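Respectively, the protein sequence lines represent chains A, B and C.
Read left to right, the first sequence gives residues 1 to 445 (full-length UniProt numbering).
Read left to right, the second sequence gives residues 1 to 445 (full-length UniProt numbering).
Read left to right, the third sequence gives residues 1 to 445 (full-length UniProt numbering).
Check the hints yourself; a few may be wrong.
Same chains, same label: a pair holds when it works inside one copy or across any pair of copies.
Stated by the list, open to error - Pairs of lysine to aspartate or glutamate residues, derived as EDC-like cross-links and limited to a Cα-Cα distance of at most 16 Å, are as follows:
#	residue 1	residue 2
1	K301	E420
2	K300	E429
3	K301	E429
4	K222	D380
5	K427	E191
6	K352	E429
7	K350	E420
8	K224	D107
Because the hints were derived from the structure by calculation, they are not lab data.
Keep in mind that this is a model prediction, so the values were computed, not measured.
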Amino acid sequence: MKSIAAKCATALAVLSLSALPVLAQDATAAPETPAVSPEVAYIFNTLLFLIGGFLVMWMAAGFAMLEAGLVRSKNVSMQCLKNITLYSIAGIMFWVTGYNLMYTGVDGGFIGSLGPYSFDPVGGDALDTGYSTASDWFFQMVFVAATASIVSGTVAERVKLWPFLIFTAILTGFLYPISGSWQWGAGWLSEMGFSDFAGSTIVHSVGGWAALSGAIILGARKGKYGADGTVHPFPGSSMPLATLGTFILWLGWFGFNGASQLAMGSISDVTDVSRIFANTNMAAAAGVVVAVIMTQLLYKKVDVTMALNGALAGLVSITAEPLAPSMWATLFIGGVGGAIVVLAVPVLDKFKIDDVVGAIPVHLLAGIWGTLIVPLTNGDASYGTQITGIAAYGAFTFVASGIVWYVLKVTIGIRVSDEEEALGLDKVEIGVEAYPEFGTGSQRL
Amino acid sequence: MKSIAAKCATALAVLSLSALPVLAQDATAAPETPAVSPEVAYIFNTLLFLIGGFLVMWMAAGFAMLEAGLVRSKNVSMQCLKNITLYSIAGIMFWVTGYNLMYTGVDGGFIGSLGPYSFDPVGGDALDTGYSTASDWFFQMVFVAATASIVSGTVAERVKLWPFLIFTAILTGFLYPISGSWQWGAGWLSEMGFSDFAGSTIVHSVGGWAALSGAIILGARKGKYGADGTVHPFPGSSMPLATLGTFILWLGWFGFNGASQLAMGSISDVTDVSRIFANTNMAAAAGVVVAVIMTQLLYKKVDVTMALNGALAGLVSITAEPLAPSMWATLFIGGVGGAIVVLAVPVLDKFKIDDVVGAIPVHLLAGIWGTLIVPLTNGDASYGTQITGIAAYGAFTFVASGIVWYVLKVTIGIRVSDEEEALGLDKVEIGVEAYPEFGTGSQRL
Amino acid sequence: MKSIAAKCATALAVLSLSALPVLAQDATAAPETPAVSPEVAYIFNTLLFLIGGFLVMWMAAGFAMLEAGLVRSKNVSMQCLKNITLYSIAGIMFWVTGYNLMYTGVDGGFIGSLGPYSFDPVGGDALDTGYSTASDWFFQMVFVAATASIVSGTVAERVKLWPFLIFTAILTGFLYPISGSWQWGAGWLSEMGFSDFAGSTIVHSVGGWAALSGAIILGARKGKYGADGTVHPFPGSSMPLATLGTFILWLGWFGFNGASQLAMGSISDVTDVSRIFANTNMAAAAGVVVAVIMTQLLYKKVDVTMALNGALAGLVSITAEPLAPSMWATLFIGGVGGAIVVLAVPVLDKFKIDDVVGAIPVHLLAGIWGTLIVPLTNGDASYGTQITGIAAYGAFTFVASGIVWYVLKVTIGIRVSDEEEALGLDKVEIGVEAYPEFGTGSQRL
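Please model the complete structure; the sequences and the hints are all you need to start from.
This is the structure in structure tokens:
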């Protein structure tokens with residue numbers, strides 16, 4: 001979504017529209033009616049946040065299904081639990097500290113203010129905000145949850161539940177809001193001219209950096225990488241669930257990118273939302289098609305998980321600038337995203353970075369790509385500033401996340417024992433098997 | 001949703017807004033334009049019903065997945081069939097008798113009128129209703145389906161298909177509409193000042209009471225309770241499906257509570273809808289967090305099904321008053337809902353009440369809690385009246401449902417034979433296994 | 001959706017509404033304000049396309065889950081891959097050639113013009129179209145994807161991946177748009193008075209005809225039909241996924257039919273959308289109830305897959321005219337759709353036409369039924385013209401699809417070898433099993 005500065009401009013535009021007829025009424029007996037009254041614009045804007053918000057909330061289910069499908073059956077209950085709990089914690093933390101750290105009183109700086117957020121009162125009538133503040137909070141809150149979901153996929157199958165939840169609370173209550181304030185809170189990067197429409201960097205790369213630091217500090221799953229450099233595939237337990245998760249994420253992305261226009265109370269705003277819907281869809285489509293063709297050419301078979309991650313990489317790639325690109329540019333941007341995933345997965349394995357669901361290629365690398373390429377289609381952005389922003393988010397999140405993961409590691413520990421890992425997290429920490437009757441799988445070890 | 005009385009007030013408010021400028025035009029040559037014309041408000045209100053309606057319709061899929069995940073694999077096809085069929089029957093019955101019994105001509109009394117419902121004609125232009133009557137019907141219809149879905153989970157794995165469907169038809173065509181008329185049809189409880197915004201009692205407790213009477217009359221599944229008081233867990237067949245179902249219900253609840261505002265044609269209405277979205281989300285989040293912490297403390301492991309039911313209990317708890325509570329109050333209300341589930345499940349087992357999916361703690365007990373606590377945040381409600389309402393709905397639904405279940409039992413029978421129960425309902429009544437290739441489960445008995 | 005001609009009428013109506021007050025202002029000092037300004041109507045219309053569009057996009061997930069649930073586990077990954085890839089290809093092809101072939105310059109003829117589509121520019125303000133062109137493109141694009149999804153279910157479990165994708169590209173880039181232009185592009189059938197509101201024929205029958213020609217040319221799965229005429233059932237691998245898919249499709253259909261009203265910027269339009277929501281839901285409900293009762297009477301057991309297909313057949317049946325029917329007529333139309341499915345499935349088997357998911361009864365036969373019965377409730381339609389339209393779409397699509405399938409067959413081949421079919425497509429063409437840990441199924445052959 002755009003920065004608060006841009007928001008204010010929108011709100012002012014709405015107000016000036018509404019002010020005009022009043023002035024006109026002073027001057028003439030035949031006043032011009034505003035095409036869209038400020039009240040109607042307020043309702044439309046709020047509705048956009050609500051629809052966008054529930055679509056992005058639904059992405060929490062998408063991450064849950066994607067990850068449940070891509071882990072082995074002995075860890076599926078745990079992955080389900082982590083996803084519903086991280087979504088809950090993200091919401092609470094974003095209310096307790098997150099929103100105000102991100103959006104209140106940043107003023108070109110590095111951080112907002114501390115304290116829980118207050119909504120409009122019942123029957124609120126503060127027309128001058130241009131939308132309901134609760135709808136805005138709801139929409140921003142589901143974004144932070146997406147960031148946390150990215151992490152859970154990468155560190156799956158070996159991280160302990162409680163340290164993971166503590167990390168989630170810190171990420172969603174502090175790390176994401178602080179770095180988010182730099183751009184969307186009208187902080188220093190926003191003043192410098194950094195451009196990240198709906199969060200290729202601010203949401204996806206941040207999630208990816210947090211995941212990467214976790215994967216490194218946590219180490220790979222036992223048996224994933226042989227001493228001789230061989231990589232052992234650990235096939236996911238359910239491709240249809242992974243597919244379902246991808247479709248859910250794709251659907252949710254219309255809210256993620258579309259509602260980041262932040263307004264639909266004018267015909268030009270709603271027209272832009274429409275362009276964003278079309279571009280978002282087509283970037284994903286290009287990611288799929290490129291991943292399918294590339295895996296066919298490289299491996300003589302088409303890997304369904306690559307097709308799914310190709311869709312997601314296309315979506316992440318277009319998220320930094322889903323409005324400006326022509327359709328040709330959109331297909332290029334999304335298609336490169338798909339290619340990045342196909343090429344990056346084996347590279348990560350070479351470095352023995354064990355990313356269970358492929359979240360680092362999808363969210364971190366495609367997020368960097370999408371942010372970097374913004375100046376191609378958006379004349380207001382510059383490559384230098386984009387690189388500055390990408391580097392700033394990367395350095396802060398990687399270091400800060402790394403410190404948190406490290407402190408958790410040396411205090412309460414972040415990893416289950418080898419024996420527990422072999423048994424599966426469902427048996428060890430949950431006590432409820434995901435599929436108790438489907439017998440020959442990893443959960444029978 | 002609010003009662004018809006409240007609805008009328010809203011409609012009048014809209015009309016008076018629209019009337020004002022006309023009056024103004026009589027008095028002056030520079031008329032004030034209404035901020036939101038009655039036509040625009042009509043469109044917004046109708047759109048709220050349509051969006052809310054499709055979100056609540058989607059909850060039917062949520063119940064289906066939740067229940068499919070929580071029964072054993074030998075009964076999964078049956079649970080799928082029951083859910084899609086009960087949704088269908090609920091719609092037809094609510095058209096044949098339900099809507100008019102609930103909403104037409106109640107006039108402070110105990111019941112509406114008999115007969116099928118008529119929609120607006122094609123190209124309808126009855127502006128004075130404030131919204132399309134078909135959109136209102138659609139929205140109310142999906143609510144009654146939710147009530148029926150609650151029952152199907154509790155009585156799963158041993159109730160026969162056809163008696164269950166007959167019960168569904170009676171519940172959705174008569175029992176729910178009659179008791180619903182007392183409040184939402186502007187009946188006696190509404191006049192007394194009972195407060196149940198979106199149906200903690202009217203929808204959820206009613207479903208829970210019907211489920212409870214069914215569970216008692218039907219008896220527990222064979223082998224669930226040992227003669228010595230031991231309780232044998234029958235683990236659900238798929239945790240990811242149960243998780244998916246919970247996320248679907250959570251998503252649908254934005255429509256359930258949000259659209260129960262019944263209007264978004266003014267900035268104060270849409271602001272209230274936004275508050276409701278935020279509160280609904282956070283009550284669920286609190287339910288999850290409390291359930292996770294409590295199961296960790298009580299059992300040293302975190303039960304994923306408790307986390308899921310904690311979310312649902314939080315949602316049910318906030319449904320009676322999702323607008324007025326501050327965020328602190330919301331977290332308290334939802335969190336207590338989560339605690340209720342964790343504490344009540346073993347109590348039900350002590351009484352040998354076999355509730356397959358935990359619907360009674362979630363919908364009945366959290367529904368009572370949510371209704372009871374309304375006066376804490378809503379000054380217009382009183383504890384006495386809330387208790388009266390809770391008791392009235394409980395007595396009527398428990399007794400009336402019990403009579404229906406009992407008559408079905410002594411006539412056509414409601415329970416499959418022991419042998420059939422062991423085989424599983426899929427083999428006995430459906431003939432289509434849910435997972436014919438996943439071999440070692442209960443369906444191989 | 002209605003034809004472009006009807007669209008233009010709507011746009012003109014909106015414009016005339018907006019023009020009126022201007023005229024009035026010339027005549028009097030107390031101008032009448034338009035109830036809904038053209039700008040507000042534009043926003044509402046665009047929003048309808050966006051909401052309808054994301055709901056129909058979600059149907060792609062519905063088809064994926066339905067088909068993943070109804071094929072054997074050894075082909076599930078392939079079915080997932082095909083569905084996400086066909087959705088991607090459909091979008092790209094509909095942009096490259098489809099939209100303009102279907103909607104631009106048809107002028108009562110048989111085909112539009114060639115070339116990629118251009119959207120509104122950023123910040124578009126072309127009020128006279130009455131809605132954002134990008135939103136319209138998005139909405140039309142998801143329809144073509146639905147057509148392609150229909151085919152993939154029928155030819156599952158034996159068609160090769162790449163020929164299927166090539167067929168998809170031709171169907172979505174050429175065949176569907178050309179025939180679609182005859183009606184929705186204001187072509188010859190539209191001028192003749194053919195009536196197909198949301199595409200019982202134009203979308204569903206067309207998909208069904210393409211599927212039928214594919215099924216015939218491809219032949220049945222090995223072992224499906226014995227030499228002695230026996231039919232061997234190949235049970236689907238997951239009933240809950242098939243149920244989920246059906247619920248997703250049902251939900252998406254509110255967008256499919258509802259947004260085909262093409263406008264909600266007036267109270268009569270939004271009221272019509274509401275009627276369509278109610279009718280769409282109830283036709284599906286009737287389809288379910290009839291299928292459940294009929295399978296009980298015919299087979300003494302209730303087949304859950306018939307109930308699911310009954311819902312879909314009810315939905316397809318009402319799609320040609322979801323607005324005009326009274327509720328009685330709606331239940332009749334949807335109920336007959338359910339009956340068609342129950343009766344047609346064994347007939348197809350008699351002809352040894354192997355339709356894996358039952359798409360031909362659901363989409364082709366119920367599509368014909370729904371189109372044929374339009375004159376019962378819509379006085380503007382005639383049985384003669386309806387039959388002409390049905391025949392024209394059938395002849396063109398069956399022949400053209402057949403040629404494409406045939407050319408693919410004699411060139412690159414469309415069917416895997418017998419050995420590969422026995423192994424399953426997941427092993428042969430994907431290399432990723434759908435359920436690697438659930439051991440005793442078809443994938444262990």
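Here's how the hints hold up against the structure:
| no. | hint | verdict |
| --- | --- | --- |
| 1 | K301 <-> E420 | between (35 Å within a copy, 14 Å between copies) |
| 2 | K300 <-> E429 | between (40 Å within a copy, 8 Å between copies) |
| 3 | K301 <-> E429 | between (37 Å within a copy, 5 Å between copies) |
| 4 | K222 <-> D380 | neither (48 Å within a copy, 60 Å between copies) |
| 5 | K427 <-> E191 | neither (51 Å within a copy, 54 Å between copies) |
| 6 | K352 <-> E429 | neither (26 Å within a copy, 28 Å between copies) |
| 7 | K350 <-> E420 | neither (26 Å within a copy, 33 Å between copies) |
| 8 | K224 <-> D107 | neither (47 Å within a copy, 62 Å between copies) |
Hints 4, 5, 6, 7 and 8, counting from the list given before, are not met by this structure.
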